[in-house]
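In order, the protein sequences belong to chains A and B.
Its first residue numbered 1, the first sequence is counted upward by one per residue in our numbering.
Its first residue numbered 1, the second sequence is counted upward by one per residue in our numbering.
Just to be clear, a hint being listed does not mean it is correct.
Computed, partial: chain B to chain A, Cβ under 8 Å [as the list claims (entries may be wrong)]: (1) V188; (2) S195; (3) Y255; (4) A281; (5) G362.
If you want the ones that stay clear, here's a sample from chain B, every Cβ over 10 Å from chain A, calculated [claimed, not checked]: (6) G11; (7) I30; (8) K32; (9) I227; (10) L343; (11) Y353; (12) A391; (13) S420; (14) V423.
What the hints contain is simulated information worked out from the structure, not anything from laboratory work.
The beta-carbon is built from N, C-alpha and C at its ideal position, and this holds for glycine as well.
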Amino acid sequence: MSDQKGLVPASHDSEGFEHDYNSGLAVVTADKIPDPGLEPHRVRMTDKSVKHENRAARQVFYWFMASAVGSVGSIVAYFAFPISSDLGTVHNNTFFMGLGIALGLFGIGFGAVHWAKTLMPDAEVAEPRHQTRGAEDVRARAVEIVSLANSESGFSRRKLIRRSLYGALAMFPLPALVLFKDMTTDPNPQGTLRHTMWTAGTRLALDPTGTPIKAADLTIGSVFHVIPEGLMPDGAHKDDYLEQKAKAAVLLVRVDPAQINSQKELDWGYNGIVAYSKICTHVGCPVALYEQHTHHLLCPCHQSTFDLANDCAVIFGPATRPLPQLQITVDAEGYLVAKGDFSEPVGPSFWERTAK
Amino acid sequence: MSNATSTAQKGGFLAGTANYLDERVGVGGILKEFGRKIFPDHWSFMLGEVALYSFLVLLLSGTFLTFFFQPAMTNVIYDGVYGPLKGAEMSIAYKSALDISFEVRGGLLMRELHHWAALLFVAAAGLHMMRVFFTGAFRKPREINWVVGFALFVLAMAGGFTGYSLPDDLLSGNGLRIIDGMIKGLPVIGAYVSSMLFGGEFPGHQIVARLYGLHILLIPAFILIFIVIHLFMVVIHKHTHYSGPGRRDDNVVGYPLMPVYVAKAGGFFFLVFGVLMLVAATVTINPIWLYGGYDPSPVSAGTQPDWYIGWADGALRLAPSHLEVTTGNYTWSWNILLPMIVLILLLVLVAAYPFFEAWVTGDKREHHVLDRPRNAPTRTAIGAAGMTFYAVLWAGASTDLIATHFALSLNHVLTTMQISLIVLPIIAFFITKRVCLSLQRKDREIVLHGRETGRIVRLPHGEYLEIHEPLDEYEMYKLVDFIDHKPDVARPNAQGKITLGARARAALSRFFFEDRVSPVSASELASAHPELDAVEHVETKALV
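Sequences and hints are given; from them, build the entire structure.
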C-alpha cells in the first residue's frame, strides 16, 4: 500500500494511492499552492502551568462528585415524592427524579469531556489511510477462491441442479402468503365496507349517550353527533362497537329548507333536517366542524370542506366525493329514523367502490 | 503481549484481567488495531453521535415501558387515579399507558424521555444526513454507507410512527385512521391490505398488538443491524476530515480513540442523555390523558402528527381537489396516490443522489477530504432546493394553525403553499448557488489581497488607506484546498456515435459546473503582489 510513500504532501488527487483512477471532470492542477502540513500545536494553560492543571483536575473531580450527588438525589426523590391520586404528586415525582438523574448524567458527561479537553493531549496526529480496494495479490486470491468454489461445486457446469435450486428458492417463500392471509378473517373486505348498521326504521341517537332524537328537538342551526340507536359499548355490538361506529357516525343538522339548493337533499331529509355521514371521503377523519352561517362542514385533518346547502359537495381541500347522505324520516312517535342504509359506501374511497 | 503472563503477575488486577481476556478473546490484538485509531474532530461530526445516543436512550427507556405497557385493545372501564376519565370506556392499551403515567413512580418521566428521545433521534439523523450531503461525504467510497444511513432515517420514522400509535389515544387513533384511508386508496389491493393490517375492519382489535411487535422487535432489530453496518463501514473507511493544512485523502488527522475519544464521545453520550432527561423532567410531551381513548367519531381541531410525519401529512393536504377518478367500476384515488408518489420520489432521489453525482462528475477517485459547501455550489443549491421542498410539505401539515394564528384565510394559505411547493425550491436553488459562488470569490479575494483589518491610515498628503493583512500559510491553505470541476462536452463513443447518455451527461455537467470559481493557484498568488496590495485605496470622501 501507499504507506511506504508515507506522508508526502499530496493533493486531493490519488497520488498517494497506488491506483490511478479517473478524475473525471475534476481539474488536476500542477500549480497548487503547496500544503504547509499540520499546524503547530498550541500549548494550553494546563500544559504549562501546574496550577491550572491542578485546577482542571479539581473541576473534573467536582463534576464527578456532582454526578454522584444527583444519582443519590434521584433515589431520595423517589421516596420523598411518592405519587398518589393527587396529580400534583405525579408532577413532583417526575420533576425531582428527572432532575436528579439529569445531574447524575451531566456530571459524568461534563467531567469526562473537561478531562479530555484540559488534561489529555490535544495535539492532532495524522495516521495513514489505505485505499479501500484490496491489493492486487489479495484481489487475485479472492478471484481464485471464487473460481475454485465454482469448479469444486460445479455450480456453473451443472445447469440442471443450479436451475432447480433457483426454482426451489423461488417457491419456498410462497407458504408465507397463505400464512399471512389469515391476518384478516374477513373473506370479502371490500364487501364489508359497503354496509353500515343503518336499516329502515333505525332511530337516530345521540353520540355517545344513545338517546333517540325527536325531530322537534332540533331548532334551525343546531347540530347533533349521531349514532344508530342500540350502538353502545356494552350493547348488542359489544364486540364490534368501534368498527360499526367508524362507519355509521352521522352528523345531523337542521337548516332552513329555503337555503338548501338541492331537491334530493330536501327529499332525503325531513323538514330541513339532514343527516350526512361524518366520515370524510378523503382518508376517513370525522368531519366534525360545522360553520353555521356558511353551511360548510370542515374536516379538521386535511381541511376538506363540504357545502351542506349543496348536497355536501366538496368545495375545498383534497377530497373529491360529497359526503353520503342518509335518508331519514320520522316514526309514529316523532323520533327521527333512517329510511335504510346509505345508498353508497361511506368513508375513504377504495378500488371496487363503484362496482356492483 | 508476548510476556503478558509475566506482566499479569507483576501488574495486579487490571493486567490480570487483560491477560485473561487476551488469552480467551485476543483482546490485545483488538486494542492494538483500534486503541489508537485516529478520529477527526469537528462539531458537525457529533450530529450522528447524537442520533446514536438517542437510540441508546430509546432502547433503555423503551425497555422500561415494555414492563408496564399492555398492547391489548379489549375494552375496559377506567378506574384509575385520573379523575376526568373515571368510568370512561377505553382499551387496555390506553389504560396501561395512563397507568404508566399516573401510577408508576418515574413512569411519566420514562414515557416523556422515550418520546423526546424519539423526536431527537429522527431530528439528529436528519441533520447528520444533511451534514453528509453538504460536505460531499457520500462520495466514493461511501456511497453504500449513504444508502445504509438513508435506510436508518426511514426506519427511524417508521419506529416513531409505530410507537406514536401504541397508546391508542384519540390523536394517534386518528393518525391510524388516516393511514387506513391511504391504504384503502391503493389500486386493486387497498381494501384487502387494510383488512389484513387491522385484522378486519378499522379499527379492529389487532392493530396495537401488531404495531407493538414491529415497534419493539422488528424495527429496532433492523435499526441495530444497520447501525452496526454503518459504523463498521466508518471503521473500514476511517472518518472523513475537513480540508485544511496537512489533511489529505491518504491520511486522517485527529485524536486517538484511547484516551481522548473514549472520554469525549463517552462523555458526550452522558450529555445527550442528560439533556433528554432534563427536558423529559421539565417539558410535557404527548399528554395522552387530555385526548381520551380512541373513538372514531370525535376529533379535536388543529390535530398534528409528530414533527417527522408532518411532511407526509402536508403532502396529503396540498393535493389539489377533485383528483379522484373512476374508470368503469374502479376508483383511482389520485388525491392519495399523487402525494404518496411525491413522497416516495423524494426519498428515492435522496437515496440515489451519490450515484447520480458520481455519474455526472465521472470522478472515480476516493474522497476523504470533505468539501466546504460553498466549494460545491450546484450540489449545495440542489440540497437547499430539496430542503425547501421538504420544508414546504412540512409546513403544509400546519395550514389550519397558520391560518388561525395569523388570522389568514385557510384557502389562501393552502393555495400559497401549493405554489410555494413548486416555486420556492427553484428560488432557493438560485439564491444558494449565487451565495456559494460569491463566498468563493470572497475567499479568492482574501487569499490574493489579505484580510481587511479595519485599520485606516492617513498618509501625509491626506489620502486614507486601509491596511490589508496577508494570511498565514495555514489559513490560506484552508481557502485554496478544494476540487475544481470543468464542464465536459458530449464525446463520441468507440463507434463514433454520440449517445443520448453522453449528451445528457454533458448537459448535466454544464448545469453543475458552468459557473465555477477556481482555487487560487501558486502562480496567481505570486503575481498578486500582496506586498503592494497590503493597503487598499479608500475613497477619502466615503470617510467624511
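Do the hints match the structure? See the list:
Contact between V188 of chain B and chain A, as hinted, is supported at the beta carbon level, the nearest pair being about 5 Å apart and thus within 8 Å. This hint holds: S195 of chain B has a C-beta 3 Å from the nearest C-beta of chain A, less than the 8 Å allowed. At about 7 Å, the closest approach between the beta carbon of Y255 of chain B and any beta carbon in chain A falls short of 8 Å, and the interface hint on this residue holds. Annotation: interface hint on A281 of chain B holds; nearest CB of chain A at approximately 2 Å, less than 8 Å.
Given hint, G362 of chain B at the interface with chain A, holds; its Cβ is 3 Å from that chain's nearest Cβ, closer than 8 Å. For G11 of chain B, the non-interface assignment is confirmed: its Cβ lies about 22 Å from the closest Cβ of chain A, beyond the 10 Å cut-off. For I30 of chain B, the non-interface assignment is confirmed: its Cβ lies about 17 Å from the closest Cβ of chain A, beyond the 10 Å cut-off. Against the 10 Å criterion, K32 of chain B stays outside the reach of chain A, whose nearest CB is about 14 Å from its own CB.
Look at I227 of chain B: its CB is around 20 Å from the nearest CB on chain A, clear of 10 Å, so calling it non-interface holds up. No Cβ of chain A approaches the Cβ of L343 of chain B within 10 Å, the least distance being about 14 Å, so the stated non-interface status holds. Taking the minimum C-beta to C-beta distance to chain A, about 16 Å, the non-interface status of Y353 of chain B holds against the 10 Å cut. At roughly 19 Å, the least C-beta separation between A391 of chain B and chain A is larger than 10 Å, which holds for a residue marked as non-interface.
The beta carbon of S420 of chain B is kept farther than 10 Å from every beta carbon of chain A, the shortest such distance being approximately 16 Å. Distance check for V423 of chain B against chain A: the nearest CB is about 20 Å away, which clears 10 Å, and the non-interface claim stands.
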